[in-house]
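Protein chains: 2
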Amino acid sequence: MIIRIILLIALLLCISSSNSAENINESLYRIPNTDNLLYLELDIGLVIIELNPLFAPKHVTQIKKLTRTHFYDGLTFYRVIDGFVAQAGTSIDEDNGSQYFKITNKLLLLPIENQITNITNKAFSLVQSPDMFAAKTGFIAGFGSARNNDDSITWLTHCPGVIGMSRNNAPNTATTDFYIVIGQAPRYLDSIMTIFGRVVYGMDVVQKINRGNAKNNGVFDDANKTTTIKKISVASDIPKSEQLNIMIERTDTMSFKSKLSKRRKRPSPFFYKKPPQALDICQIPIETVVF
Amino acid sequence: MIIRIILLIALLLCISSSNSAENINESLYRIPNTDNLLYLELDIGLVIIELNPLFAPKHVTQIKKLTRTHFYDGLTFYRVIDGFVAQAGTSIDEDNGSQYFKITNKLLLLPIENQITNITNKAFSLVQSPDMFAAKTGFIAGFGSARNNDDSITWLTHCPGVIGMSRNNAPNTATTDFYIVIGQAPRYLDSIMTIFGRVVYGMDVVQKINRGNAKNNGVFDDANKTTTIKKISVASDIPKSEQLNIMIERTDTMSFKSKLSKRRKRPSPFFYKKPPQALDICQIPIETVVF
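These protein sequence lines map, in sequence, to chains A and B. Add 1435 to a position in the first sequence, counting from 1, and you land on the number used in the working numbering. Add 1435 to a position in the second sequence, counting from 1, and you land on the number used in the working numbering.
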């Protein structure tokens, strides 16, 4: 509570001198752009997703467009495998019998946005090198990411809470259906799927989404058991008074980097024997504060 | 459904010639010993835990003893951090203000059982070498485990669903309270905690356990929000008619090993670009079948 109040004061100070980039850089939190936040209202509670137009501009544009036409309202999480993903949207491709959704509109076909090349080293807070699935991992504005050896390519990592677009076998076949990672990071999906956001609030709600039949690829035996999307909205379309004020821990500050270093070394006496000094990019919490 | 029936038939064939070790070895599933199964009945559903006396004999003995004295019945999950652990038992150590529980009875103090030395290579199904946190990882009777370079020491890995005993700073201070891993594997806890079992049924129920206040180390602001343990029982104490018949995928069969190899190579055309041939020990599902 005290910490919350201190943060609020720190934040208000930043806002009151909002044109000072220096102050904003020193802050340990950032207020996300409401035009890049989705409010995913489920029948079991609210989930907030931060979109990532840096890595997936076309997907973000499409998801916002679909959201604004109320495309998702009333649809369900129809394929949910505990420990893996919760997938929502229209339906699955019955012919295929697996995760691929029925393409409702060919015009919506999206090109895969699985990696970018224009990330400076400054924007990347190194976490681990080498990682088991990449030359290195690190954070970019709160998103877990990975890079190749010469830093020429960067992609987002499939950590719990990330949201990606489902697709058919061919890479450029995503249209409307999305999945949220709800279990141990399926890193083998890195850079072959498009991740376009991550849950920044309400991951406990996501974990309450009903699971389907794992033996039938997560599809429900009883369609009445699916969890329903009441509504998705772009936060900036919601009256200010109904928005939740959140701020998200920055991952590019000295403070965050020293937190990573402490996490690696585990100085607490609880670690009577020190673990290997390795960090899993998907096992580092990034704090969201409601103020 | 068809697979289930086939499995059931295969199983019945095994049982009908139940003294043939050969048949049992060839089966892809095993029926767990009900004396090593705990039925954890929560107010939100049933969870089944397989105990591991091979790695943690004293912990298993104590947990069964406490279970049979109804010690846990009516207690709650009082410290729950989404993406990390759900901890249950008596209470936390208020002085410490962190995860350590109040020691209710010093006589119960358990020695840490964090590694064993007597595992043959035959019992260990290799998954990955090197792994980010160990020289190698693999399965031992369905449990994720890790080893050092010369295979002289083996320990269990903190994968989602494992159950371990909470302790204070000193290693030999565990007594009654336990935690279930509910998020990305906290591998840094490997071999400094005692893992004594894993959830083999009802992980979706575990994920519905209410979360506490992450900013207060998972403790609840409102104690009424905690999820309650109605009852824990040793399965063999329950009338046969009330037991759930489960069988668990074996991890020492050729079939399982070829599944691992396929998982590593990802031959499906969905992988239009093949991922690195690495496997995360905590990202491999081990099937439980209800029959």
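Please keep in mind that the hints were generated in silico from the structure rather than gathered at the bench. Each hint should be verified, as a subset may be incorrect.
Pairs involving identical chains hold if they fit within one copy or between any two copies, as the list cannot separate such chains.
Claimed, not checked - Mimicking DMTMM-like on lysine to aspartate or glutamate, the simulated pairs with C-alpha atoms at most 20 Å apart in a straight line are:
id, residue 1, residue 2
1, Lys1660, Asp1687
2, Lys1666, Asp1478
3, Lys1650, Glu1684
4, Lys1643, Asp1478
5, Lys1660, Asp1478
6, Lys1665, Glu1476
7, Lys1650, Glu1722
Verification of the hints:
1. For the homomeric pair Lys1660 and Asp1687, neither the shortest alpha-carbon distance inside one copy (42 Å) nor that between copies (35 Å) is at most 20 Å.
2. Only within a single protomer do Lys1666 and Asp1478 lie at most 20 Å apart by alpha-carbon distance; the minimum there is 9 Å, versus 29 Å between protomers.
3. In the homo-oligomer, the alpha carbons of Lys1650 and Glu1684 lie at most 20 Å apart only across protomers (13 Å), although the nearest pairing inside one protomer, at 39 Å, exceeds that limit.
4. Taking the shortest Cα distances, Lys1643 and Asp1478 sit within 20 Å of each other both inside one copy (11 Å) and across copies (15 Å).
5. In this homomeric assembly, Lys1660 and Asp1478 come within 20 Å of each other (Cα to Cα) both inside a single copy, at 12 Å, and across copies, at 19 Å.
6. Taking identical chains as interchangeable, the C-alpha atoms of Lys1665 and Glu1476 lie at most 20 Å apart only when both belong to the same chain, with a minimum of 5 Å there against 31 Å between chains.
7. For a Cα distance limit of 20 Å, the shortest separation of Lys1650 from Glu1722 across copies, 9 Å, qualifies, whereas the shortest one inside one copy, 35 Å, does not.
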